[in-house]
Amino acid sequence: DAGVIQSPRHEVTEMGQEVTLRCKPISGHNSLFWYRQTMMRGLELLIYFNNNVPIDDSGMPEDRFSAKMPNASFSTLKIQPSEPRDSAVYFCASSPMTGYTGELFFGEGSRLTVL
Amino acid sequence: AQSVTQLGSHVSVSEGALVLLRCNYSSSVPPYLFWYVQYPNQGLQLLLKYTTGATLVKGINGFEAEFKKSETSFHLTKPSAHMSDAAEYFCALLDTGRRALTFGSGTRLQVQP
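Just so you know, the sequences run in chain order R and A.
For the first sequence, our numbering gives the first residue as 103, with consecutive numbering after it.
For the second sequence, our numbering gives the first residue as 478, with consecutive numbering after it.
Hints in this document: simulated from the structure, not taken from any laboratory.
Every value quoted in this text rests on a predicted model; they were computed, and no experiment measured them.
Treat the hints with caution; some may be incorrect.
[As the list claims (entries may be wrong)] Selected chain R positions facing chain A (in silico; Cβ < 8 angstroms):
#1 Met117
#2 Met142
#3 Tyr150
#4 Asp158
#5 Met162
#6 Pro163
#7 Phe176
#8 Thr203
#9 Gly204
#10 Phe208
#11 Glu210
[Stated by the list, open to error] A short, non-exhaustive set of chain R residues, derived as facing chain A with CB atoms under 8 angstroms:
#12 Gly144
#13 Leu145
#14 Leu206
#15 Gly209
Glycine included, every Cβ here is placed at the ideal spot set by N, Cα and C.
With the rest of the complex left out, here is chain R:
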């Protein structure tokens, strides 16, 4: 079975550029989470969706960050404009919402470097 698929795996960009990270959750999972991992702050929850609806975006750092889930099989995290402090590994994870007990299935991450 295919797991959570993220793209790109690596992105290097210059400050001020727009960055779009993509995620395809596991088929049948209806909860999707975006996490950011940095050395300084560890793993932080940015936003999550249930049935394509954003439920909690309190972790989104600022207005430069936006996330969408137009359908059950696709989500994007966009940063515009990007800044060096946005450099991190961004993880997407999915979970079946029904009977949710917290088990997440993670993608391999998108490593973003902003110069």
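Based on these hints, arrange chain A on the given structure of chain R.
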């Protein structure tokens, strides 16, 4: 607020030695607790979880963890370390308010030959 604290950012053991990774939690409600493992350049994967019931939880790769309410702890153990266990380990708590996982800061396990 619900939180987890992992004691020790780095742990080094010899191959064949006991592995003990420490996690303490803070929660005003019965907690759901998890251990995840992250191998280099990979996403996290679930090792084991405690929700309700038996306090000794067995996971994959020979790991287990014991929920101790009196100590607010959920330490991860493995009797005999293998080289392949070298990874970063994260303790996590289900934040019932946000209905999402809150992760600890992680412990990097090094296994020496």
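Okay, the hints, checked on the actual structure:
1. Annotation: R/Met117 was flagged as interfacial toward chain A, and the flag is violated, the nearest CB pair being 25 angstroms apart, outside 8 angstroms.
2. Residue-level restraint check for R/Met142 is violated (minimum Cβ-Cβ distance to chain A is 10 angstroms; threshold 8 angstroms).
3. Restraint check, R/Tyr150 versus chain A: the minimum CB separation of about 6 angstroms is within 8 angstroms; hint holds.
4. Annotation: interface hint on R/Asp158 holds; nearest CB of chain A at approximately 5 angstroms, less than 8 angstroms.
5. Violation of the interface hint for R/Met162 is found here, the shortest Cβ-Cβ separation to chain A being roughly 13 angstroms, above the 8 angstroms cut-off.
6. With a least beta-carbon distance of about 16 angstroms to chain A, the hint placing R/Pro163 at the interface is violated under the 8 angstroms criterion.
7. The interface hint given for R/Phe176 is broken, as the beta carbon of that residue sits about 18 angstroms from the closest beta carbon of chain A, more than 8 angstroms.
8. Using the Cβ-Cβ criterion of 8 angstroms, the hint placing R/Thr203 at the interface with chain A is satisfied: the shortest such distance is roughly 5 angstroms.
9. About 4 angstroms separates the beta-carbon of R/Gly204 from the nearest beta-carbon of chain A, less than 8 angstroms, and the hint is met.
10. Checking R/Phe208 against chain A: minimum C-beta separation of about 3 angstroms stays under 8 angstroms; hint holds.
11. With a least beta-carbon distance of about 5 angstroms to chain A, the hint placing R/Glu210 at the interface is held under the 8 angstroms criterion.
12. Here the hint on R/Gly144 is kept, as its CB sits about 5 angstroms from the closest CB of chain A, short of 8 angstroms.
13. The interface hint given for R/Leu145 holds, since its Cβ lies 4 angstroms from the closest Cβ of chain A, which is under the 8 angstroms cut-off.
14. Look at R/Leu206: its Cβ gets to within about 6 angstroms of chain A, closer than 8 angstroms, so that hint holds up.
15. The beta carbon of R/Gly209 comes within 5 angstroms of a beta carbon in chain A, closer than 8 angstroms, and the hint placing it at the interface holds.
Violation of the numbered hints given earlier is confined to hints 1, 2, 5, 6, 7; the remaining hints are satisfied by the structure.
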